[in-house]
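Starting from the known structure of chain G, fit chain W onto it as the hints suggest.
If you want the building blocks of each chain, they are given just below.
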Amino acid sequence: MERIESYLAMGGYAAYVWPALGVALLVMAGQVATSLRSLRRREAALAELETRLGRRATPAAR
Amino acid sequence: MHRFANPGRFLRLAAAWLPWTSAAAGLLLAVGLVWGFVFAPPDYQQGESVRIIYIHVPAAWMALFVYTVIALASASALIWRHPLGDLIARAASPLGAGFTFIALVSGSLWGKPMWGAWWVWDARLTSMLVLFFLYLGHMALLGAFDDASRGNRAAAILALVGFVNVPIIKFSVDWWNTLHQPESVFRLGGPTIDSSILVPLMITALGFTFFFVSLLLVRVRSEFLAARLRSAAAAAGR
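Chains as they are written, first to last, in my numbering: chain G, 1 to 62; chain W, 63 to 300.
Same shape as in the complex, but just chain G (with noise of 0.2 Å):
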C-alpha cells in the first residue's frame, strides 16, 4: 500500500503528471466514442435511405 501511495504520489508531481495522462486518455476515448457514434448514425439513415428507395446507395464495403 505504502509502495503504490509513493508512485501514486510521483515525487511530488502528482497534481501535474496524473491529469497530463487524464486528458489524452479522456480526449483520445472521447474521440473513439465520437467517431464510432457518427459513423452509425450514418450507416443507419444510408441503410434507411436504401430500403425507402430500394437500392444500393454505397458499394458493398464490409
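It should be emphasised that the hints constitute simulated quantities derived from the structure, not laboratory data.
Heads up, some of the hints might be wrong.
Restraint-style ranges between C-beta atoms, simulated for each label pair [stated by the list, open to error]:
{"no.": "1", "chain 1": "G", "residue 1": "T51", "chain 2": "W", "residue 2": "L89", "range": "34 to 44 Å"}
{"no.": "2", "chain 1": "G", "residue 1": "G54", "chain 2": "W", "residue 2": "V223", "range": "25 to 35 Å"}
{"no.": "3", "chain 1": "G", "residue 1": "G12", "chain 2": "W", "residue 2": "D256", "range": "19 to 29 Å"}
Residues from chain W that face chain G, not an exhaustive set, calculated with beta carbons under 10 Å [what the hints assert, rightly or not]:
{"no.": "4", "residue": "L89"}
{"no.": "5", "residue": "L91"}
{"no.": "6", "residue": "Y106"}
{"no.": "7", "residue": "S111"}
{"no.": "8", "residue": "V112"}
{"no.": "9", "residue": "L157"}
{"no.": "10", "residue": "F161"}
{"no.": "11", "residue": "L171"}
{"no.": "12", "residue": "S257"}
{"no.": "13", "residue": "F273"}
{"no.": "14", "residue": "A288"}
{"no.": "15", "residue": "L291"}
In silico SDA-like cross-links for lysine to any residue, where the CA-CA straight-line distance does not exceed 25 Å [claimed, not checked]:
{"no.": "16", "chain 1": "W", "residue 1": "K174", "chain 2": "G", "residue 2": "M10"}
{"no.": "17", "chain 1": "W", "residue 1": "K232", "chain 2": "W", "residue 2": "S189"}
{"no.": "18", "chain 1": "W", "residue 1": "K232", "chain 2": "G", "residue 2": "V23"}
{"no.": "19", "chain 1": "W", "residue 1": "K174", "chain 2": "G", "residue 2": "R52"}
Here a beta-carbon is modelled for each residue, glycine too, at the ideal position from N, C-alpha and C.
Below, chain W without anything else, positioned relative to chain G:
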C-alpha cells in the same frame, strides 16, 4: 494513389486494415504508457514530472503530422481533384485539434512545475496555439457553407496557407530564445535523449500514430457516407 481514387476500393481496404491498426494502437499504447509511467527512470533534474513526456511529445508530433496529412490531402483535392482528399481532410481535422489540445494542456502541466509558468508567449508555445486555431478555423470553414464542396475548398485553401506554421513550429526552438527544450529527437546528430526514456517514448508515439490511422479509417468512411447522404438529399430535391 490512383488505386484509391475509387472510394469503394479504399473503403474495402480500410475495413480490412482497421482491426490490425486498432490492435496495434491498443498494444503499443498500453506497452508504451505502462513502460513510461511505471518502469522508465525519473529524470535527474525533473524527477517524476518527466513522465509527462510520454503524453506531451507524441501528442505534439501528431499535431504536426496530422496537419501535414491535411495539407497533402487538401493539395490533392484542390490541384488533382482527388476524391479522397476532401474526405481525409474532413476526417482528420478534429483528430489533429485533439492532439494539439493534449499537447498544449500537458505542456502547461509540465511547464508549471519545471519553468514556474503555466504559459509563456515564446515562439514554440505561441506557434502551437496558432496551430490549434488553424485546426478550429479549418473545422469551422468545413461547416460554414450550405454547399459542402465550397466548405471543402475554403478549408483546403486555409490548410495550405497555414502549412507555413509547421516548419515554424519545428524550428522555433532553434530560431528564437525559448524556455522550451531544444530539438532532442529529430535533429542532425541524432537524439540526445537517453534510450531508457527514448525507447518507451518512441513506442508510445507509434501507438499514437496507429491510433490516428485507425480513427482516420473510421472517420473517412463516415465522411464518405455523409457525402452520400448529402447528395441523396439533394437528389431528392429537399
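Going down the list of hints, with the structure as the test:
1. G:T51 - W:L89: 34 to 44 Å: Taking Cβ atoms as reference, G:T51 and W:L89 lie about 39 Å apart, which means the hint holds.
2. G:G54 - W:V223: 25 to 35 Å: Between G:G54 and W:V223, where Cβ atoms are some 45 Å apart, the hint is violated.
3. G:G12 - W:D256: 19 to 29 Å: Since G:G12 and W:D256 have Cβ atoms about 22 Å apart, the given range 19 to 29 Å holds.
4. L89: violated (15 Å)
5. L91: Cβ of W:L91 sits 9 Å from chain G, so the hint holds.
6. Y106: Not OK, violated: W:Y106 not within 10 Å of chain G, min 12 Å.
7. S111: holds (4 Å)
8. V112: Result: holds, 9 Å to nearest chain G Cβ.
9. L157: Holds, because the Cβ-Cβ distance from W:L157 to chain G comes to roughly 6 Å (cut-off 10 Å).
10. F161: Holds - the Cβ of W:F161 comes within 10 Å of chain G, reaching about 8 Å at its closest.
11. L171: Holds. Min distance 4 Å.
12. S257: Since chain G brings no Cβ nearer than about 22 Å to W:S257, farther than 10 Å, the hint is violated.
13. F273: At 7 Å from the nearest chain G Cβ, W:F273 passes the 10 Å test, so the hint holds.
14. A288: holds (6 Å)
15. L291: holds (6 Å)
16. W:K174 - G:M10: holds (15 Å)
17. W:K232 - W:S189: holds (9 Å)
18. W:K232 - G:V23: holds (24 Å)
19. W:K174 - G:R52: violated (58 Å)
The structure does not agree with the numbered hints 2, 4, 6, 12, 19 stated previously, though it agrees with the rest.
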